[in-house]
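Can you make the complete structure from the sequences, with help from the hints?
There are 4 protein chains.
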Amino acid sequence: MPLPDEFHELARSVNNWGRWGADDEIGTINFITPEKIRQAAQQVTTGKTFALSIPLSKDGIQTGLLPGRINPLRTMLDINRPMLGDPTLFCNTDDMVVMGLQSATHWDGLAHVSYAGRMYNGYPITSIDSDGASRCGIEKITTLVSRAVLLDVATLKGVERLDPGYPISCADLDAAAEMAKVSVTSGDIVLVRTGQAGILDRKPLKPKDKAEYAKPCAGLTLETARWFHQREVAAVAADNFSLEVYPGVPNSMFLPVHLIHIVEMGMTQGQNWYLEELAADCADDGRYSFFLDATPQKFVGGVGTMVNPVAIK
Amino acid sequence: MPLPDEFHELARSVNNWGRWGADDEIGTINFITPEKIRQAAQQVTTGKTFALSIPLSKDGIQTGLLPGRINPLRTMLDINRPMLGDPTLFCNTDDMVVMGLQSATHWDGLAHVSYAGRMYNGYPITSIDSDGASRCGIEKITTLVSRAVLLDVATLKGVERLDPGYPISCADLDAAAEMAKVSVTSGDIVLVRTGQAGILDRKPLKPKDKAEYAKPCAGLTLETARWFHQREVAAVAADNFSLEVYPGVPNSMFLPVHLIHIVEMGMTQGQNWYLEELAADCADDGRYSFFLDATPQKFVGGVGTMVNPVAIK
Amino acid sequence: MPLPDEFHELARSVNNWGRWGADDEIGTINFITPEKIRQAAQQVTTGKTFALSIPLSKDGIQTGLLPGRINPLRTMLDINRPMLGDPTLFCNTDDMVVMGLQSATHWDGLAHVSYAGRMYNGYPITSIDSDGASRCGIEKITTLVSRAVLLDVATLKGVERLDPGYPISCADLDAAAEMAKVSVTSGDIVLVRTGQAGILDRKPLKPKDKAEYAKPCAGLTLETARWFHQREVAAVAADNFSLEVYPGVPNSMFLPVHLIHIVEMGMTQGQNWYLEELAADCADDGRYSFFLDATPQKFVGGVGTMVNPVAIK
Amino acid sequence: MPLPDEFHELARSVNNWGRWGADDEIGTINFITPEKIRQAAQQVTTGKTFALSIPLSKDGIQTGLLPGRINPLRTMLDINRPMLGDPTLFCNTDDMVVMGLQSATHWDGLAHVSYAGRMYNGYPITSIDSDGASRCGIEKITTLVSRAVLLDVATLKGVERLDPGYPISCADLDAAAEMAKVSVTSGDIVLVRTGQAGILDRKPLKPKDKAEYAKPCAGLTLETARWFHQREVAAVAADNFSLEVYPGVPNSMFLPVHLIHIVEMGMTQGQNWYLEELAADCADDGRYSFFLDATPQKFVGGVGTMVNPVAIK
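Residue numbers (our numbering), protein chains in the order written: chain H, 30 to 342; chain U, 30 to 342; chain X, 30 to 342; chain A, 30 to 342.
Just so you know, these hints were derived from the structure itself, not from any lab.
Treat the hints with care, since some could be wrong.
Since the list gives no way to pick one copy over another, a pair counts as held whenever it fits inside one copy or between any two copies.
[What the hints assert, rightly or not] In silico DSSO-like cross-links for lysine-lysine, where the CA-CA straight-line distance does not exceed 27 Å:
hint: 1; residue 1: K232; residue 2: K77
hint: 2; residue 1: K65; residue 2: K77
hint: 3; residue 1: K244; residue 2: K232
hint: 4; residue 1: K210; residue 2: K186
hint: 5; residue 1: K244; residue 2: K77
hint: 6; residue 1: K186; residue 2: K237
hint: 7; residue 1: K232; residue 2: K210
hint: 8; residue 1: K186; residue 2: K244
hint: 9; residue 1: K232; residue 2: K186
hint: 10; residue 1: K244; residue 2: K210
Every value quoted in this text rests on a predicted model; they were computed, and no experiment measured them.
Here it is, written out as structure tokens:
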């Protein structure tokens, strides 16, 4: 079943191909100007910081449903090894990791998704090969720093966690922005909270908790793409597995928000961001905007990256 | 040959064990207060950003001299795979990585080094096992954000790159700070530039370039530990393989600055930071202090972490 | 709850420490003589071969219950890459793998298990460190070739698969050997079939199938250790996750057969061997003994190894 | 510069496409019949065994010249971990590995090489993607057991090691077979010894030794392809990095023997086989033919596999 007409209509209306030149590889991140970053820094008034990554551990959120997207598996290369043979001198401890770049808190880069041979800015999909993405690789984003706004839809609705499968609408985003007393403006990074990551606070986290976290989940709907487009949002992230509501639409529309955001708009999107402590603090002081640094790790040709985003208020 | 008396004397004079309590696991990062972070944000005046990581690539700086510390090897899990079997619908591209956490631009955590059974804050070295560091794991550093100061010793000396093996002294640091018109104060992160990473600008980078980059290199000397201690520096990083001068001292003193910084002071230290563009900009505008976010990736039990530090002026 | 007295009594009665010298690192594999191998080759009468490994794939049998023991994850380093830039000339395809050495069909080496500070032949357990096993590493087994005997307990009992949790007794082994018309003799490798791996024939293999395969399972019991000891068996393997019955005994006796086989007897043991086709053939021609090559991959310091055992009749 | 006419002429004359049907995926391994395997077993007269793999270790033969083809890096998942919390009970040790499948002693599968869009048996080269080879994957070789013959060209020439770059001719192979008093017949596996792997006996093996081992090396020449074709050899392996002489021919002929063997003939070929001890024994007893099991690990879609070949005399 092909994608429906209304999808293609939306795609055309939010398409950013060529907007920043035929060679552009970072899309809506272009909305972030030095002036925007200067303003972002002015958001810092108390110096309170929040790290928004979930822990990187072999006991992570991946459950094997996506074979290959393995949890961060860190192993030791050395443990207190006397480098000169004498333990009273220098002893070394080293470690290594193997992990899916999309396995934990991460950004999806603009080469992460394609459809119908379409890739952001019209690059051929063959520009991605076994070496990775020669176009739109994650390393093309030099830095990703801006003002960020938390749209806490869960708190707006008065729940700990939105119902699994709840479709977040434009009206929800507007109401959350109003609650936050903030206007989303050009170059902002928007963080959407569904409360889903609250599941990850359970200790110990059992397989069934991870399954519950993964899906179904509340999330963004197709209609909100225009909302982000109009406001010239630089990037968007959420506290769930898929950013968008899942499942939410018929089969042919599998993850349609990904297609619109990444392919048509060129908007980098984040998943599995841990927003619980930040949200509590925002509710506490009533300030929902802040400085954010969520710069990717510089993986050459990468289609994604783990990230430990830092919010500062 | 045991460590000499003067080493142990220095160790005692800069030792921070217990300073932040018997349970402290982050050492000198405690010098960073919310007020310090607030001041750091005020450093941002133009919104210009600098990412200080070298590229993460299988063609990285490791040459095999340290077997196991492998270059970032990113491979593809999926390339434009039609998830529903139909290429006109959602096509997925995913990647994974295997890498030494100390293979590129990184922080050495406080569990990275021990000697004579000594580990920061007196924790038993057996607290590190095949699961990693149960004490002083890199994830214990929630965020690492502060004002940073660039001490550009190479430019101070009027050279592109300090002579390999050049030992940076306290006088050098003082002179570099004076040139920078900045006082290093409590909670600062200090970036020391030797110019060594300029070698990495050669394209293509050949095996002999990598060997030249790795060693010998100019770097910090033992005497500077007191300099950092007195100024209550939160963390230190350099643009070379070992931070400290290498080789520089007799065998029994193998990497002695590591021992003092990490074990005695509890000072997190960084290596392979790429400072060339930042240094050029500082020389240009005469401003050598700036905001820095160099928060670790949240590797549970990690003894190090790759990092893409972001400086903002 | 400590291990019961009868366990320790059994341990003493089958202990092989020192039997092949204080420096021995391969245990019961010493039973295999050149003469035995010569006889093994004489088992080959038809030239029919059987590979006894399950497929190595990211969609393997591990379900995440043992974090870190990841399924074989093979990724591409190159796909038809023109090495000289010209696709009419040499194009290269290369791959790599990351996997738990115990994740698929494998041997447990003699360094795989210890208890109460006991390791085979009295080696200190500290001989295993971040580099692996300096004693009893899997590479110490130069080759592992011998006559093998299939003891098909499932067919003996007239079932496709033994009941989960069924404890295989000495009487079962005797009856299976009688059915096979074979005497187990010194240096034989014994393959025990429970039928559990028949679950792996289901296509596609679903998570619940893998869970069902993993446990509970029929398997060897503690009493059979003497049976193997008396017959001087060189190595033993089964078509299930744990070789031994699981669960089968109270908590303090967690995997007691492993302790006896590996630590006390020094008997290398195999798991997840796929015996279905071989068993069908044996039932067909009535011949349950054959040549077997199950030589480990030469992992220096390895405590286990993937293996693709080859049976030839 | 395109491949010369004589290359294409040779290609046509030894081409095996369709010989074993349009669906064949194992090529010359089809020459091995059950009867051949039966005869192979009869080669076993003393029961003496030889494992022909080099050690699998992070200190392996790869020097980084081929980024990504990393040495076997085995790390520990557990070291004597008390699984029930009590060290007097079951303590577990587990390990994992990451390695290039072509990094040590290995087989090149039939999907390893292509040129001009040509892949063995006319399969489209697009049959290889990020999942690996859907055609001619290494797992399609169920078992690889046969009689093998050692052609010891180094000993024939009276040298420890053939001169680097020495081109082995048909005459050399004939003379080596004559010295061996053996006729190479249909289904044989041929092992060619250049003596190059003798370099790997140096202890400790230094970077310059590894570089010397890698290249240049003596090896097979293009003309020998017909020799193997006429004799219906099932598979061929050598004790060097590239099997064929390197460098040996002009640029456009980069690794031409690979193209002929793999693409045109469908002949699986092996590299980095350690033949020193076997060769010494053959020289000693004058017997150069033996049983060989070199069955691949069952990597689904793999284009190569590590292998620990076992020769038995």
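Handout entry: Structure-inconsistent hints, enumerated in ascending order
Key = 5, 7, 10
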